[in-house]
Amino acid sequence: MVDKIVLDVSDLRIDFHTEQGKIRAVDQVDFQLKKGRILGIAGESGCGKSVTALSIMRLLPKPVSRIVKGRALYNDQNIYDLPVSDMRSIRGKKISMIFQEPMTALNPVHGIGKQLIEIYKLHFPGLSYREMAAASLKMLRKVGIPDPDKVMKKYPHHLSGGMRQRIMIAMSLACEPDILIADEPTTALDVTVQAQILDLIRSFQAKSNMSVILITHDLGVIAENCDDVVVMYAGRIAEKADALTLFKYPRHPYTIGLLKSIPSLAGEPKTILPTIKGNVPSLQDMPDGCRFASRCPVAEEICKKKVPGQRSMGHNHTAACHLADTKFFEKKGFI
Amino acid sequence: MAILEVKNLKKYFPVTGGIFLRRTGFVYALDDVSFIVNKGETLGIVGESGCGKTTLGRCIMGLYDPTDGKVIINGRDVSCLNSHKRKELSLNLQMIFQDPFESLDPRQTIKEILEEKYLIHGKRIGNLVPEISDLIKRVGLLPDTLSKFPHEFSGGQRQRIGIARAISLEPEIIICDEPVSALDVSVQSKILNLLLELQRILGLTYIFISHDLSVVKHVSDRIAVMYLGKIVEIANANDIYNNGQHPYTHALLSSIPVPDPESRRKRIVLKGEVPSVENPPLGCRFNTRCEQAQNICHEKEPSLFKNAKDPGHLTACHLFF
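Chains A and B, in that order, give the protein sequences. Note that the first sequence covers residues 1 to 335 in my numbering. Note that the second sequence covers residues 336 to 656 in my numbering.
These aren't lab readings, by the way, just hints derived from the structure by calculation. Do not rely on the hints blindly, as some may be mistaken.
[As the list claims (entries may be wrong)] In silico BS3-like links for lysine-lysine, alpha-carbon gap of 27 Å or less:
(1) B:Lys606 x A:Lys150
(2) B:Lys644 x B:Lys342
(3) B:Lys641 x B:Lys405
(4) A:Lys22 x A:Lys260
(5) B:Lys606 x B:Lys342
(6) A:Lys114 x A:Lys35
(7) B:Lys345 x B:Lys458
(8) A:Lys94 x A:Lys121
(9) A:Lys34 x A:Lys248
(10) B:Lys458 x B:Lys374
(11) A:Lys22 x B:Lys606
(12) B:Lys374 x B:Lys446
(13) B:Lys422 x A:Lys154
(14) A:Lys270 x B:Lys641
(15) B:Lys606 x A:Lys153
(16) A:Lys270 x B:Lys374
(17) A:Lys34 x A:Lys93
(18) A:Lys304 x A:Lys331
(19) A:Lys270 x A:Lys304
(20) B:Lys345 x A:Lys138
(21) A:Lys207 x B:Lys606
(22) A:Lys270 x B:Lys644
(23) B:Lys374 x B:Lys342
(24) A:Lys35 x A:Lys62
(25) A:Lys22 x A:Lys35
(26) B:Lys458 x B:Lys446
(27) B:Lys422 x A:Lys277
(28) A:Lys305 x A:Lys331
(29) B:Lys483 x A:Lys277
(30) A:Lys94 x A:Lys4
(31) B:Lys472 x A:Lys142
(32) A:Lys248 x A:Lys22
(33) B:Lys446 x A:Lys277
(34) A:Lys260 x B:Lys472
(35) A:Lys154 x A:Lys142
(36) B:Lys483 x B:Lys374
(37) B:Lys472 x A:Lys270
Generate the whole structure from the sequences, applying the supplied hints.
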């Protein structure tokens, strides 16, 4: 069965106009989000993963940033072309988002109850106040908050980070969206709480067959939760595959290097970790060819000159690398 | 040989409230923590936020005065020194901080930042440039960094500057408080390699504080797991992973995401959250979240018991003894 594609982003390019000049934050980004699947977007800071997510919500800062080209098809309409009023009925209702920092995402001067009810006021204006309050309570109970009646009257600073993130999840799922974008939802949380929050997101996803875009820098989180993975590097997509393939048969030298450089729990302590040499080039001063060329252990002349396109590496598996080929890497002693 | 010994260390922070700011209670940040660190080894300290790991580092550094208990370095009790003696001690004890963006003065050049240590300790006045260039090279930065300001560097480079500053006076002990948690994965591995290499060359002793068990396991010889101001288990790094005993250690291990989709395991997802440190639960502090808790766990606080087979492996749990 072919999975239905709910969101189709293609050829996306986003520029930022800053005092230092034009910065191309995202370039040539293509991906498809399938119905009922969790898509992970992985990458280090500055790789463009959050900017991509914000562009889908149409929340990019204006007028600094501009979507130069590309489209994001949702229900056969291009999100980037929608009028603001139409976008308002989609944002929060059909596509909603959880942010990294639950403290800054909640309004500190309003009670939790008021903030939850606001969502219903906006998207279901027909309901009575009593119905909205009841729906909010039900939502809080669903995300596993103890004593939801009391929590409704509390303010964000009364709650712990994990509880705040649960409230954020309750808010973003209140309208039963088709797509949930979770931008580093657990980065600010402890590992034991992180496990709870990810379980919660997954159980909702399975129940309502919603599609999720999970953005994180933690490849462990991706491996344990996602069906499909997009690895981004310096504003472009380095590699795309389903999770099993990506972690088992990574093809792009960046993915390979990144996976090797994570300290493993099972490994022997106090051994030297493999690293990727150099640093991410500055966005103002990107090399012409492959953006990873200066750090790549197998780079050749062509990498410095020509931008690599997505080459197919197998079923639903592409890598943006001129040289990606197991035999070639083996010859070079890379893997 | 023990270079550092912590004995029954306690740190309570008073909580004040009301109009007269009377003391209404205490935050029991550290409650009866004891351990030793041998020369040249790395003791990893791991735990969730609020478990007291940073307070522990700061008490050892002397940035906080402990409420009770002793910190013994090279046989000398250093827990309540006056500022003059404290300064002398800091020749031997240095710290690397978590946030490389806040721990460097933005108005000083790298040269000034590194020189300051020598000047404070009156080590040498005059031309320090050769020494500082040497330091900078040692941590893998280019000599032209010296005239630059901190904002010109990336997070990883700044952390290298922080490391250069910490090793400048050739201390024996360095306390690393979450040195890599603000960094990206590919940068993190470089900083960890640098720390390991410096330890090998200079014979440093580390106390490595982090919330990330896989990072701690990678750099440590021994690991202490902390929960709500107490050490719940302390053992060799491999033993914690292969043979961990405390239920909290198990839960912590199983909640770490592993970058391998084939190993999606049955996870132990802990119920609830860490209780408030202001009124920790009676008995074992983990009893509110422990699935195996018995009556005794609610009544009596377990102390650290020695494992019968391995005297270096201590666990604070009633269920094992």
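Structure-based check of all given hints:
no.	hint	verdict
1	B:Lys606 x A:Lys150	holds, 20 Å
2	B:Lys644 x B:Lys342	holds, 24 Å
3	B:Lys641 x B:Lys405	holds, 22 Å
4	A:Lys22 x A:Lys260	violated, 34 Å
5	B:Lys606 x B:Lys342	violated, 32 Å
6	A:Lys114 x A:Lys35	violated, 32 Å
7	B:Lys345 x B:Lys458	violated, 34 Å
8	A:Lys94 x A:Lys121	holds, 16 Å
9	A:Lys34 x A:Lys248	holds, 22 Å
10	B:Lys458 x B:Lys374	holds, 25 Å
11	A:Lys22 x B:Lys606	violated, 48 Å
12	B:Lys374 x B:Lys446	violated, 31 Å
13	B:Lys422 x A:Lys154	violated, 47 Å
14	A:Lys270 x B:Lys641	holds, 25 Å
15	B:Lys606 x A:Lys153	holds, 24 Å
16	A:Lys270 x B:Lys374	holds, 16 Å
17	A:Lys34 x A:Lys93	holds, 18 Å
18	A:Lys304 x A:Lys331	holds, 21 Å
19	A:Lys270 x A:Lys304	violated, 36 Å
20	B:Lys345 x A:Lys138	violated, 44 Å
21	A:Lys207 x B:Lys606	holds, 21 Å
22	A:Lys270 x B:Lys644	holds, 25 Å
23	B:Lys374 x B:Lys342	holds, 17 Å
24	A:Lys35 x A:Lys62	violated, 31 Å
25	A:Lys22 x A:Lys35	violated, 36 Å
26	B:Lys458 x B:Lys446	holds, 16 Å
27	B:Lys422 x A:Lys277	violated, 38 Å
28	A:Lys305 x A:Lys331	holds, 23 Å
29	B:Lys483 x A:Lys277	holds, 22 Å
30	A:Lys94 x A:Lys4	holds, 16 Å
31	B:Lys472 x A:Lys142	violated, 56 Å
32	A:Lys248 x A:Lys22	violated, 38 Å
33	B:Lys446 x A:Lys277	holds, 25 Å
34	A:Lys260 x B:Lys472	holds, 26 Å
35	A:Lys154 x A:Lys142	holds, 18 Å
36	B:Lys483 x B:Lys374	violated, 36 Å
37	B:Lys472 x A:Lys270	holds, 23 Å
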